[in-house]
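Student: One-letter residues, chain by chain:
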Amino acid sequence: MPGLGTSLGRGAATSFQEDLQNSDCILFMGSNMAEAHPVGFRFPMKARERGAELIHVDPHFTRTSAMCQQYVPIRAGSDIAFLGGLINYVLKNERWFPEYVKAFTNATTIITEDYKDAEDLDGIFSGFDPEKKSYDQKGPSWNYEGEGRMHKTETPPEIKVESFSQRLSALENPVPPSDPELKHPRCVMNILRRHYARYTPEMVAITCGCTAEDFLRVAEKLCANSGRDRTTAIVYALGWTQHSTGVQMIRAAGILQLLLGNIGRPGGGIMAMRGHASIQGSTDVPTLYDLLPGYIPQPAAMRDHGSLEDFLKQEEVRHGYWANMPKFMVSLLKAWYGAAGTKENDWGYGWLPRLDGNYSQLPTFIRMAEGKVKGLFLFGQNPAAGGPNAKLHREGMRQLDWLVVRDWFEIESACYWYKGPEGIDPKTIPTEIFFMPAASSPEKDGTLTNTQRLLQWHDKAVDPQEDCRSDLWFLFDLGKRLKRLYAGSELLRDQGLLNLTWNYDYDTPPMLPDGRASRLPDEPDAEKVLEEINGYTVADHRPVSGFSELKDDGSTACGCWIYSGVYPREGYNRARERKRSPDNYTSPNWGFAWPRNRRMMYNRASADPEGRPWSERKKYIWWDEATRRWAGVDEPDFEPDKAPSYRPPEGSKGMASISGDSPFIMKPDGKGWLYAPAGTKDGPLPTHYEPVESPVANPLYRQRENPTVELYDCPMNAKSEPMDPDYPVVATTFRLTEHYLSGPMSRFDSWLNELQPAMFIELSPELAEERGIEHGGWMVAWNKRAAIEARAMVTRRVRPLHVEGRTVHQVAIPFHWGFAGETVGDMANDLTSIVADPNVSMHEAKAFVVNVRPGRVEEHRDAPLPAAPWPEYRVAPSVPRSAQPEGQEE
Amino acid sequence: MSTDAFTMEMLDVWKRPEPPAQQVETGFFTDTTLCIGCKACEVACKQWNQLPGDGFHWTGNSYDNTVSLSATTWRHVAFVEQFPLDGGGNSHAPRWLMMSDVCKHCVQAPCQEACPTGSLIYNEFGNVYVQQDICNGCAYCVVACPFGVLDRNREDGKAHKCTLCYDRQKDGMTPACAKSCPTESIQFGPIEVLRERARKRVEELHGRGETDAYLYGAEASGEYSALNAFFLLKDRPDVYNLPEAPRRPVARMRSNYLSSFAAAVGLAVISAFCFAKGDK
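Sequence order for the protein chains is H and A. Count the first sequence with the numbering used here and you get residues -19 to 870, in order. Count the second sequence with the numbering used here and you get residues 257 to 536, in order.
Since the hints were made in silico from the structure, they are not lab data. Misleading hints may appear alongside valid ones.
[To be verified] What the simulated footprint calls covered on chain A by chain H, stretch by stretch (three residues with Cβ under 8 Å from a Cβ of chain H suffice, anywhere in the stretch; the number is not a length):
| no. | region |
| --- | --- |
| 1 | 432 to 440 |
| 2 | 481 to 492 |
[Said to hold, decoys possible] Below 30 Å or equal to it, Euclidean Cα-Cα: the simulated DSS-like pairs (lysine-lysine) are:
| no. | chain 1 | residue 1 | chain 2 | residue 2 |
| --- | --- | --- | --- | --- |
| 3 | H | LYS82 | H | LYS72 |
| 4 | H | LYS163 | H | LYS661 |
| 5 | A | LYS490 | H | LYS201 |
| 6 | H | LYS463 | H | LYS307 |
| 7 | H | LYS201 | H | LYS72 |
| 8 | H | LYS559 | A | LYS490 |
| 9 | H | LYS559 | A | LYS426 |
| 10 | H | LYS26 | A | LYS490 |
C-beta: ideal position from N, C-alpha, C; glycine also.
Only chain A is shown next, with the shape it has when bound in the complex (with noise of 0.2 Å):
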């Protein structure tokens, strides 16, 4: 190797490769009333991104034995149960709630604000991703998600979770979760395509009488960004495990400065003032 070669390559530490070209925006839109539980979702995730399985723990709550999403379980299936007892005052019939759960790729997303390596980034497909290079398990994102889908992993100390299946579509396929549904519960396209379909799908199910579906995280509500992995469900956020209103740690974080900073100038005051009068 000659020496300006050398050089070069040393030099080209310094180098940002080109990043590649943005693409169009994508994400999932998960269709609670057309899905039937059959968790192939959960299973063509681990079998694409090769995730073990997390251990055989029978819970007896419902059909659900993978209890959460964690740093091995990328999409989960809730079973709620809704039984209403004979005579009862619920409104709706018997039914049998089934939802798909899956990282929410945040339009603001307070893992990537909290991560202090810039290991979780906004990749071409406007998708939230951790670069396991990167990463080095600090776990800050953990603690910001307020949905709980961080997590790290005991093996390798790192934050994983769905990556929305990068690297499937960089070859232009469909996420696995995706093209497993049987029923088209799980839809990914491009994110504007599929919040209008989502909004007309409301609407048709309105139509139909069913008064009680509506669109969670296709807006922005609150403090919260819109969510690029929404979903249309039929109880209140919480019977499915979901925030009502989820928190960003980023939104708070000017008023909490100011008030560490009002209260570290009020100490200061205080200690300024007891120190003076003991001069005396």
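Extracted from the complex, chain H is given alone in its bound form (with noise of 0.2 Å):
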């Protein structure tokens, strides 16, 4: 999430849900907290019922709009403009907090003469490449003032910039120029000023399609409940990520939250609410292609990545916590390698992969449907009804020599064989598909990392029933074939295989809560993973206590640094740990927070630059000059003995040159980025661009789309022009309490089902009445990548909203439903497109256009299936109607 992590340091939720019950004021904007998320929900309602405001702007009116004082209906995708009209609002009425924005962000930085703004050019920023269609990464053009061309070999835009080294860049200059009386016109303050100056609340009414009062009472409320005394959170989910500007809805919120003084501050922050159960572990410890464990960016071919001293020479950060960086690296190779890493082969570094290309899931999906990838492994994920452009993924599936699903039921990417919209001929498909059944999470030992940085281990209650194994399991098992397989192999490409450590059998056999023996014994030992995971002595086998002590002479092995301390001695499992604590409501004793079980994040900012808290109301960590250290209700994220006056001395490096003022710890300059130097590929500041697929030309600049973003112009992914006045409509996709994404897990449940039994599209009473539909009727949506039917939901909670002068209707489209299941229904992942995020390959799947009629899709290949029949019972013959199976009704 570069979003945050440009700005702040980390890219994760700067706080925890419990924290939001101490709001004054709630903005949730790209987030549908109460339905996708309603258990946190407990927390913002009790935040309103201690007085707080609960402001909800989304372009329908969901359940979190019914539970909120004020909801304010926007136009999907116009997000950037709304941001931008509230930070021009702060600037413009001098609403932000001066001692906290002077001290803690970048305001005062002085930026190069170099740098042109959109101001400048009318939606793009200097350092533009117009046939690379991107930003010169290299050049000075965003730069701090005295900061030269960067020593480093350029990031293509293939990697994408996930890791913290990439998005942190090097700065020379631990302690920029500035100018603190916020004069200078190149300071970043003016720069802001500057540029979100056309951001006003009757432009923010043009291009959000919201009343200008409807904005301005949403600025003033959050600008009241700002400030030393008072809080306001902003929580965030999928509705600003999936977006071609998600990064920079995320920016945008980021340099709010700076400027009224709300990060690391109790009841403040943004909460990131993340999509899957374990979404943040899978980042953390990554899925994805273009990271190592803990945020370290995988050797490229592209780069100057040879060997392990360029690869850390090309990575290196001078200050701030990330300098730490060559410790976590040997350390994770020391972890892999174990014995066969050494010194001289660079612990192993020559073994692993280096990039070559995106293999990101939307470019791999696009090769695939080109009969470029040969097989494909899936656990728990449902592509073929769950990914963008689903009827793209589908197509790629079909082109596969071999597929491997792992899930508990026969989702759609399991049967999309023979079932499917399509409707094509099963003997024309040459995949050979493995489905295997997996078990489910009482079914297995393991932990869950949650939307707030949080691990919680879970036990196995019971095994798992017949032929279902983990998915641990599994790859630990086709681990130990591929090593058997490969044995006595002399070429290099195999040693990385040879060579990794791959000893998680249980010591003992395995056994059950109830004090029987497990009946599957060679399940591994997931708890001698999360003590990988922790990190060790390598002589001793001792668990380190926190990634302090990890060393870069291969004398400590640390699977994620970010995690060390989940496991801090032998036999103590932090994140097993359930303790209430009833007088500290951060529960330091539930579970594990990283880093270091740090509950908020950049939590130093919550006392002023002398170290008292800014106010009694808001206290939460705070300098005690009688013990010399950092006292509170949290783990410090910060030196816990670096006295607030403390200031670096010349030529300091790593945390020695974070000043004791300086809350952002990963940041090289230790402040918050109010303007970003590098990190992002689109941009040193959130500019509003319109969707790819939108009705309306950008009111704001000349430059319509995001010019950096990745379109994949292909046969299967037909976009429509700007302003098609074939496809009106602007669409965006939503969740139900009562569905799962996809409906992999809850379209198998008639409990679930009976809740919400039918695909359908919510659209206003006008465009119904404009187009003949009728509520409760079917209608179409279509566009040129699909068509789609599903039940008409005519309602008041969608709303016609006026743009640029004219109307625009919206319509809403929960992406539940898929051809395998118990009910069943066309899938909204038909009509979304592959267009990504230039920088973390995020598909836009909350803003696209379409066109709705009556009626139902014609030659409907695979019409909707009835739903799953109860269970016939037969009379059984001669046997008296009281023996009859139970059912039988006469």
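Dock chain to chain to rebuild the complex, using the hints, since each chain is given by itself in its own frame.
Tutor: Here it is in structure tokens:
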């Protein structure tokens, strides 16, 4: 999540859900928290009961809106215009928090005179190469004053920027030139003022389709509830990330929260509500192609990453916590290659595969559709119904030689070869498909890392039924078999596999909680994996207590440095802890939050530059002069004994170069970045661009869409031209509480299916009347990629908006249905396209265009199947009626 | 088996076991201002009580697809969309009301009064409970309940409804719906505590300017008793599909008997008169 990483240092929610109860105001935008995260929503409800203002800004009125005091409808994809308007309001009316902003952000920093803003170039920034459709990443044009050209090799567009070091870049000078008076025309504050001056309330109204009055009410509430004594939180989710400008939307929220002084303070922060149960975990210990565990970049062939020394030189960050990266990298290699990794062979660095292209999901499936991918493993993934442009995903999977699907049920991705809207003859599909039953979470040990970076261990309660096995067992066993298969190979390319440490077998036969022996003794010991992730000393295999113990001399091993401390000593698994703390709402002994059990990140900012709480009401951590340590309700996200008055001596490196009043310790200058001199590929300041498919021109700039957007033009991924009159309706996808994702877990459960049994589309009475669509009847939504049918939910919860002087209609489409399961329906994701944000390859499912009409899809190849029938009980002959099976009516 | 023991066992049929000791009366307070419509209560109820799904029928009635309480749906969340048209005379802002409905566990329950077999009882927690082994499926309770709670199951022909998780309560556990409610919209506890808390809650809401909040069923009104599962509502009861003034059949029994007696007497007099006339 570089939106947060670029602004603040780490790509994760800054706070924790329990802390939302302390907010005085919560802005939900790009999040439908009450529906998508109903359990966590208890904390906003608590805040509301304590008098907080809840505001929901969203294209359609949801159960979240129903819980908020104010709801503002906006056009899908216009979020940066709204947020830019808020930033402008804060700056113009001088409502920002001067002490916080001057001390903790880069507002005073002076930017190079080579920099040209979107103001000057009508929507693009300096350094843009129209040929490559990208900005010059190396050049000085966005830099701090006095920084030269970066001495590093360029990050090509194929590599995304999730890793810390690429995000942070390297500043030569930890104390860049600044103007504390904020008079310099090129200081960040004045650049910000100029950049956002055109985001007036009127412009917000024209672009977003809300009224200026509604917008101003929101702005006033946010300002009134921020400052020394009050805090505002912002909650977002996939409604922000799934845009071609998603990273910049999150950046805009970062700027707003920094200006209002809400980061690192109780009741403040930016809560990123993540979309899956352990998706935070799967970026920390990544399933991403361009990252190693703990946000260390994957070595790339296109960069000067030849030897470990080259790699460390390229990825070096001299100032701030990231200066410790060599320790984390060497410990990681040591965890993976054990004794085979020596100083002489760079700890096995040469065995790591090198990146030579973009292997994220979208381009991989496009390559698959071109027949260039041979095989695919799917673990709890359902691209056939849930992938953007699912039709293209299905086409890709039909070209595979082999496919392994591990899931609970025969999901769309396992049955696409004989079911599905295309109606393709199974004989024409060459793919060999292995469908393997998976164990569910109570049937296996392991952790989930939730949206607030909290690791919670779950114990296996029972053995999985029949042939169901855990994914961990599958991978462990596959690894064992591959190692046997390649045993004895002398080829260099096989050495990485052969030398991989792979010793997770139980020492003693595993037992179930009821004292019986498990019938599956060959399942691996998940706790051993956690121990390796935590890290240990190589000599005596003793767990390390935290990442500060890691070394770059090969004496320590650690599978993921940010998780270090989760298993601080033998037999003590902190993720398993469930101790309540009645006196401390941060519950420090409930699970383990990375890093080092800090529940709120950047919490040094909860005290003023001198280390005193900003106010009694918003006390969190503070400098205790008596003990010369930071004290408070949470672990300080700071060196525990660094005094506020500390100033770095000349020429210092690493943490020594972070002064005692700089809370953003991952940043080389220790400051929150209002302006991002590096780390984003589409501009140092968030700028409103229209979604790739949109029925209006950009009201703010001549540059219409994100100039660096990745379009993936191919026959199955056709897109509408801007303002295409054939597709005038804006569409957005959304979630319901009753279902989960594309339904692979929920649409096989009758208790959930009866609550939301059919695919529908929400539209306004005005649009319904215009098109002759009847409430409850069938309707079709189509665009250049597909046509889907659904029941029409005509409701005032969706409203026509007035954008650029005309009426724009919106429809809201839940994406929970597919062609497998107890209830079936057309897939919203057949309509979405593959276009990607340049920073993270995230698609744009939250804003695209369609047209709508009443009726059904003609010659729908695979009409939705009827609901699964109840089991039929046949009357058993010559058996008395009283002994017939249950359910026999007559 | 000795003859004595056999005789004792036979006699035991007439021996009544000691009823369980009376416990503190319990109930539900459902605060609709806190309901986020997640339906966790519906699912938790079905899961704990192992009730089947009722089939898949999309109604188009907002997000309510289970429609009503039934023999197999003991919690039901109602959704009411109130979006006044622009310029309409409606007093409140657009809102979406959600309310988790359940058996009211009336202090004087018409179903219990109507039950001819003694199947319907008040258990030791003061909750209205259907004893499945005694119910004969006559369905008198179904017509007696003014809330439409009781329903006869097509599978076994007997009456079923919320048990207030009698089995969980006996083990000192919270009923499944209240346990699963993420926002404490459904609160379970001793009924006196709940009633006090609810009164304070209404005062608090009034103090905040939400003057439309009121309690439904917290006290007896008209011919109807108080409810041990009562509600905090924001609009008229019929908006949530609750009767404004629930009726208790027994309350009309005396007058109904009297009028039928009077009618019988009247008819007897008339016929006697007619016969007497005809004799002549």
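Student: Taking the hints in turn, state whether each one holds.
Tutor: Going through the hints against the structure:
As drawn, the region 432 to 440 of chain A meets chain H at 3 residues by the rule of a beta-carbon pair under 8 Å; at three or more, the given contact holds. Counting residues of the region 481 to 492 of chain A whose CB lies closer than 8 Å to any CB of chain H gives 0, so the stated coverage by that chain is violated, three being the minimum. Taken as a hint, the LYS82/H and LYS72/H pair is honoured in the structure, with Cα atoms around 17 Å apart against an allowance of 30 Å. With a CA separation close to 29 Å, the supplied pair LYS163/H and LYS661/H stays within the 30 Å bound.
A distance of roughly 25 Å separates the Cα atoms of LYS490/A and LYS201/H; the hinted pair therefore holds under the 30 Å criterion. Taking the CA atoms of LYS463/H and LYS307/H, the gap is about 28 Å. The hint holds against a cut of 30 Å. Annotation: proposed proximity of LYS201/H to LYS72/H holds, straight-line Cα distance about 16 Å (limit 30 Å). Note on LYS559/H and LYS490/A: the hinted pairing is violated, with a Cα-Cα distance of about 39 Å set against a maximum of 30 Å.
A C-alpha spacing of about 27 Å is found between LYS559/H and LYS426/A, which places the hinted pair at or below 30 Å, so the restraint holds. Distance check on the hinted pair: LYS26/H and LYS490/A sit about 19 Å apart at the alpha-carbon level, within 30 Å; holds.
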